[in-house]
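Peer 1: Residues per chain, in single letters:
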Amino acid sequence: MADIIRKATREGYGRGLKELGAEFDNVVVLDADLAGSTKTGVFKKAFPDRHFNCGIAEANMMCVAAGLATTGLVAFASSFAMFAAERAFEQVRNSIGYPRLNVKICASHGGMSVGEDGASHQCCEDIALMRSIPGMTILSPADEVEARKAVRAAYLQPGPVYMRLGRLAVPVFHSEDYEFVIGKGEILQDGAQVAIIATGLMVYEAMKAGEALREQGVDAMVINMPTIKPLDEELVLHAAKKSGKIVTCEEHSTIGGLGEAVCSTLSERYPTRVRRIGVPDQFGHSAPAWEVLADFGLCAENIVKVCKEFIAE
Amino acid sequence: MTPQEKRQLEIMACKVRMGILTGTYSAKCGHPGGSLSAADIFTYLYFRELNVDPAAPKDPARDRFVLSKGHTAPGLYAALANRGFFPVEDLTTLRKDGSYLQGHPNMDSVPGVDMSTGSLGQGVSCACGMALGLKHQGIPARVYTLLGDGEIQEGQVWEACMFAAHYKLDNLVIMVDNNGLQIDGWIQDVMSPYPIGEKLAAFGLAVQEIDGHDFDQIEAALNTARATKGKPSAIVLKTVKGKGVSYMEDVADWHGKAPNEAEYRQGMEELEAALRELEAQ
Ligand SMILES: Cc1ncc(C[n+]2csc(CCOP(=O)(O)OP(=O)(O)O)c2C)c(N)n1
Ligand SMILES: [Mg+2]
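Residue numbers (the numbering used here), protein chains in the order written: chain A, 4 to 316; chain B, 12 to 292.
The hints are simulated quantities; they were obtained by calculation from the structure and are not laboratory data. All C-beta atoms in this analysis are idealised placements derived from N, C-alpha and C, irrespective of residue type, glycine included. Careful: at least some of the hints might be erroneous.
Said to hold, decoys possible - Simulated crosslink set (PhoX-like; lysine-lysine; CA at most 25 Å straight-line):
1. B:249 - B:26
2. A:10 - B:107
3. B:242 - B:146
4. B:26 - B:39
5. B:39 - A:10
6. B:268 - B:210
7. A:152 - A:311
8. B:242 - B:179
9. B:179 - B:268
10. A:48 - B:268
11. B:179 - A:10
12. A:152 - A:48
What the hints assert, rightly or not - Over 10 Å on every C-beta distance to chain B, these chain A residues come out as not near it, computed from the model:
13. 25
14. 28
15. 39
16. 57
17. 90
18. 101
19. 123
20. 124
21. 174
22. 176
23. 211
24. 219
25. 266
26. 273
27. 275
28. 298
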């Protein structure tokens with residue numbers, strides 16, 4: 004395992020933006036005093052006249068992005084998830100969502116893995132908020148390659164897109180020829196006793212859990228779900244029919260995220276028992292990222308434990 | 012303030028700066044630059060201005076301080092610890108699993124912290140609410156809040172200023188740490204908020220602009236603020252980001268980065284030398 008390459012999905016965003024900027028000149032980028040952290044700085048270096056720093060003023064930035072979109076430009080607006088999705092929520096809802104404008108909101112530092120900054124910055128509600136906006140596409144790539152491909156897919160799909168990116172370097176498991184399609188999930192390991200559906204940083208943890216389970220004689224399906232909305236319902240149904248037991252994994256509140264999206268689909272179309280691994284109804288705390296994640300059971304070990312208990316029931 | 016008292020403050024400010032370095036070095040992350048630029052105002056507030064008692068941190072009659080630029084918690088914690096709200100040794104637990112010293116101020120876990128902050132632009136509005144609530148109930152306590160000069164790019168800050176002037180919150184002092192830097196560079200290059208003093212005055216605040224590292228000027232400004240009736244006060248503190256640690260001064264990169272071991276040692280040596288010099292005076 005020594006040759007695993009680790010990169011943060013936000014790095015894929017920066018690279019993807021730069022590639023996109025070279026290909027299309029109507030790409031413009033906005034940031035709110037976090038160009039270094041969100042990696043829009045990479046685009047800025049290549050195309051300084053198409054990068055606009057808005058200062059620490061996220062609400063204004065979202066409406067500026069909306070205005071830019073009305074002139075035919077495609078604005079990628081970035082900040083931390085806490086400030087892009089949450090502070091500016093109503094601006095996103097009314098000035099981007101409602102008029103269905105072609106704005107791509109790319110939010111880094113999603114989830115618990117901001118670590119030491121603590122609860123004020125640990126954003127575990129962004130997916131819930133964005134899911135509630137009609138017409139909003141929500142992407143949550145799992146590695147650097149997927150993030151880079153998702154940037155291009157977001158550009159090519161008209162209308163509002165919210166993309167969640169992570170701060171932490173995580174293993175890159177997709178190869179360069181991976182084809183990313185909005186609305187499609189991916190079976191990483193087949194199995195019939197339980198299906199693990201994960202998104203973002205939890206996908207690699209789910210892969211590790213799937214392997215550990217196999218070694219222990221448990222036959223688990225592992226699914227990467229990089230689009231939260233629209234959800235790949237057919238894949239969810241396939242997994243439910245095959246395994247009869249679903250475990251969802253996300254670095255997000257168990258309220259309103261991937262887990263609840265899966266539950267909604269299943270309860271209406273094919274009632275199936277589901278266990279949701281995520282952040283329970285509570286705030287986080289400061290600690291190094293992997294420690295916070297472990298504190299909330301957001302790790303392969305806990306996925307294995309939950310799956311085994313679930314199967315034993 | 013006698014020269015003796017002034018020297019005592021300068022000595023304490025040195026200790027606060029050491030606490031900032033120790034906390035961020037232990038955590039291997041955090042925000043030293045803006046903590047150091049504000050170390051003198053933290054020191055003055057907690058050692059000369061605020062009517063607070065470490066034995067009764069929730070006393071309803073106490074003065075309040077809201078650190079609107081919450082990322083500079085290492086500075087606030089260092090001042091609170093030295094003032095006796097909790098042990099100075101605990102500064103080494105900053106940002107670690109299980110510590111009450113959260114990365115950004117948490118009023119539920121840290122004794123002496125009056126408001127949970129970290130999302131820029133919000134603390135100043137909370138301070139307005141505190142000032143209004145105290146006034147409304149006839150409690151003569153005062154409220155102080157400190158903002159970053161990048162933070163004032165948030166529109167909410169100006170909503171708060173309008174509110175403070177409208178309700179004549181003369182028990183409120185809004186301070187801006189004008190260290191000139193934010194994360195992406197100099198504030199006038201990222202998104203200029205200048206002229207800061209004129210803007211605050213136009214919003215109806217009684218504005219003073221001072222050297223934020225000069226205790227005589229700080230004292231005079233806060234005394235003037237206390238004597239000002241019928242409108243809220245604003246003080247723009249001209250400061251140096253990273254003040255007191257030579258390699259951090261005026262360098263944007265030290266906004267949110269911890270010193271490594273060699274850097275920590277050098278910084279502590281500089282501060283210890285400054286402390287020895289003050290104590291010898
Ligand atoms: C609403 C919000 N947006 C962005 C951030 C991320 N952030 C933390 S500190 C900072 C820069 C602050 O600069 P300034 O106010 O000048 O503070 P100082 O120089 O005193 O450290 C930013 C953008 C935040 N904490 N809150
Ligand atoms: Mg500043």
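Peer 1: Which numbered hints turn out to be false for this structure?
Peer 2: The structure conflicts with hints 6, 7, 9, 11, 15, 16, 17, 19, 20, 28, although it agrees with all the remaining ones.
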